[in-house]
Structure formats: C-alpha cells, structure tokens
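**Q** Sequence:
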Amino acid sequence: MRPNKTASDQLNHLVLWLSSSHLSRRATFAAVAGGLMALGHPPFDWLAIGLFGLALCGVSFLGANSVQQATWTGWWCGLGYFAVLLHWLVEPFLVYPEQDGWMAPFALVFLSGGLALFWAAAFALAQRFTGLVVLCLALTVAEGLRSYVLTGFPWGLIGYVWLDSPVSQLGAWIGPHGLTLFTLMLVFVPLAALKATRSWAALCIFLGLGLGAVVLGFWQGQNAAPRMTDKTLRLIQPNAAQDQKWRPENRELFFQRQLGFTRQDPPPDLTVWPETAIPVPLNEAGDLLAQIVAAAQGATVVLGAQRYDAWGYYNSLAVLDPTGEITHRYDKHHLVPFGEYIPFLDLFGIAGGGLAAQFGEGYQPGAGPTVLTVGGIGKFLPLICYELVFPHEIGAVSQRADFMLQITNDAWFGTFSGPYQHLAQARMRAIEQGLPMVRAANTGVSAVIDAKGNLLQHLPLGQAGYLDAVLPAPVAPTVYSRFGDGLVFLLLSLFAAGSIAWRRYFGD
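Counting from 57, one number per residue, gives the positions in the sequence shown under my numbering.
Just so you know, these hints were derived from the structure itself, not from any lab.
Be a bit skeptical, because a hint or two may be false.
[Claimed, not checked] Estimated spans, in silico, between C-beta atoms of each pair:
(1) Gly266 <-> Asp321: 31 to 41 Å
(2) Val271 <-> Phe539: 46 to 56 Å
(3) Pro99 <-> Gly542: 47 to 57 Å
(4) Gln155 <-> Gly424: 47 to 57 Å
(5) Asp156 <-> Ser549: 39 to 49 Å
(6) Gly170 <-> Leu267: 35 to 45 Å
(7) Gly542 <-> Gln155: 41 to 51 Å
(8) Val146 <-> Ile556: 38 to 48 Å
(9) Pro99 <-> Thr426: 29 to 39 Å
(10) Ile556 <-> Ile382: 52 to 62 Å
(11) Pro378 <-> Ser549: 27 to 37 Å
Ideal Cβ placement from N, Cα and C applies to all residues, glycine included.
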C-alpha cells in the first residue's frame, strides 16, 4: 500500500475510533488536544506541539457524529486550551490567600469554561455544515467574538503562536485574527484533504501555505528595517512583590529604590516608572513628585499613580516636566473585571472590591485611548497594563503616535507564564502597528521593542534595576494600522466562498 494512502487510512481509523468511543474518552482526547495547543504560547513557545494539538482538535471534530457531540467536543477542546493557557489567573487571588484564595479555582474554571463556549458554538456551526474547512471560518469568528463580547478578553489568540517565527510579521498586514485564520487553514485544510484520501493534495496545501507565509513574513521583517532615534530612555523596575508593595513599612523602601534608579548619571531624555508606582493618590503626592523631579535631573518623567475626583478613583498615568508640572494625564479606560472594578456590584458584592484597587471599591474608567505629545520626546500612545491586549482599541486612535508606552504591574500575574504572555502581546502590537513599544513593569519584564516586534533590551523578571536604552523609530504605517480587521473580514468572506467550492469538490 502506498504511504500516502496509509496516512489517510490511519486518520480515518482514528476518526472511526473516536466516533465509536465513550463520551469520557472523547472528552479526554479533546481536552488534552486543547491543552497541547496552549503549549505553543509562552513560557513554552513549542510551536510544533501547539500545531499538533490543533490538528488533534480537528480530529476530535471529525469524530463527532452530531451537532450535540460537536458542541461538547468544541467545549472540551476550549476548556483544555484556556485552562492551560490561563492557569496564571489563580495568582491574583493568592496574593492575599486568606482573603481571596477561595475564589481562585472558581475564577479559572468559570473563565476557562466561559471562553470555551465560543469554541463550542464554532464546532456546532461547522458540524451543521458538515465541514472541517468551515471550522476554520467559524473558529476565527469565535476568537474574534471573544475579543469583544462582555468587554472582551483576546488574551492568547491562536495566531500568537507564530511570534518567534517570520510568520508573525504577517500581523502587519492581517492582524491577530488574520494570523488565527491562517493558522487554522494551515492545519485544518490539509487535514480535510487527508481525510478525503487526497494525501498529496494535503501535503501540497500544507507546504504551499507554510512556505509562502515564511517567505512573505521574512520579506516583511527585512523590509524597511527600523532605525533608532536620538532620544534616550530609562525604564524603572522596582520589583515590589504585590503582597509587600502597599504595606506601610515597605512603601518608603520601594519609593526610595525608584528614586535611586532615577538619579543615576547620565540623565536620559525620558524616565518611565511603572503602574501605580507611588504609594499615595496623585492628588496628595506633591512632596513625592518634587523628589521625583529632583532625582530626574531635567528628564521628563512618566509614572503610574492612582488619583481621585468626585466620581471615584482612577488608575492613571501622569507626565511630569522638568519643572514638576503635570503636563498630561491619562486615565485607564479598559478596566479588568473583578480586578479593577466589580461588574453588577449589587450581585457580586460578596467578592469585595477590585483586587488591584488600593482605595475604594474599584476604579472608574477613563475617557478612552488618546495620543499624548511631549515636547522633545514626541507623540506616544499610553497604555496601562491590560489595555495592551486589545488590538482593535489601539488601532482605533485616529492620530498616529511615534511609539507606544505601556506601564504595568505584572506582579499580579505570578512568575511563570502570565508576564511572558503579556510581553508577547506587546511584541505583537508593535508588529501590527509598525510602532516601537516601551514598557516599564514593576516586577518585569521591562523592555524596549522595535517596530518589527524584536526585543532589543529588557530587564529579567523578578530583578530590581533600571534599563537605559535608545528609543527606536517607527516604520511606515502598516496595512493593519490603516484598515484594522477590515481586511480580515474580506478574507473571511472569500474563504467562506472558497469553502463552498471545497465541499463541492472534496465532499467535506
């Protein structure tokens, strides 16, 4: 028997075994497949295993005999994926375990299970139209919907597995959802051909898509390589553990640590402190700000602080000029549910206030994304922590910045996977927008990223210190920065038409 026939036979035998298996076996197979998919993301970055897990999810779908079975298969695949990807979600609840620890397992299970519903719907829709190829379209739409529904949570999108390969550069054209569609096509389209006993077609499709993406990505990565500006930066990383940060006996220690890093010679053009870097509200921080300005020795300072007004508290970013005047202020607008505010407070009030809020029951949202102009530095797009993970909001700002600046406190994310996944998404935003990314993180990873997503310099996680670097220059506006997800919608429409033609020819 020819080898290509054997590959098709083996796949169909596996599908037959799954379709005749008990529910518990099918559920376990699907959950393990989803868990393997998640290993394509940081801190593992095992691309091949991630793609293999995705292929097994496709096999799980083929083993479903009805819409109901496909729905549960999709849910189990999603549950495995999100439970492994987002296991760091328990970390914020373990900062003060005696107070919040009881919520940790519920947070992981409910969020993972809730996000898996999007995958369940995609599998059900694809089963309704009896096509694995349709699953590419449906799952791309599902990943898009989870980026928007109920404030959205686009963390760990499928397409991010390509970050450390040339393929990631296609994000400058088609964005994260386009990369997700490509990833699904790369795996599911050959799998569909293989099931239809067309092994040579499967091999040609896989090699054609894969090699084409690598070549295009390599060309995009080398085209118009980013230059450097003449502006110097200093990123401050105090490494204040979250359970120690707000203790009265430690506040002065961490503040003085940041002052010490700030006053080092020679002074840069711009010094950046991380999110919530000072221990008192901005309204009451006159003496602290004076000390910061003196330590900065003429440099402009960007820092994170909490502030309040008649409406409540805000998680804010402030710009201090060399005279000590607050020239710009930005309030975080996309808050973390249950972390920075409690949705439906009357219903969920038993959970207390937002975990990350030092004062009150949580924060109020700011007006929205904006670009700040700082004399002698340029225009930058401010981002506070979680706001970085929303590519469509970053692209919604009409004025183009010279660079993006993120302040964050990733101490909430633990020390294993969360901070590295956050950093990976910062690199993807740089690729998509064609803008450098500057990020100051309390416990790390503070970094300077160029407009192609390359990590130029960084401070390791869990290390106190400061990083002096030169600000990279932007590249020309990318296709994605101009049109956002519009091009992806066009690709989805074309792919939907193509899937109809596929079914007529291949019967799947």
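**Q** Which hint numbers doesn't this structure obey?
**A** 1, 2, 3, 4 and 11
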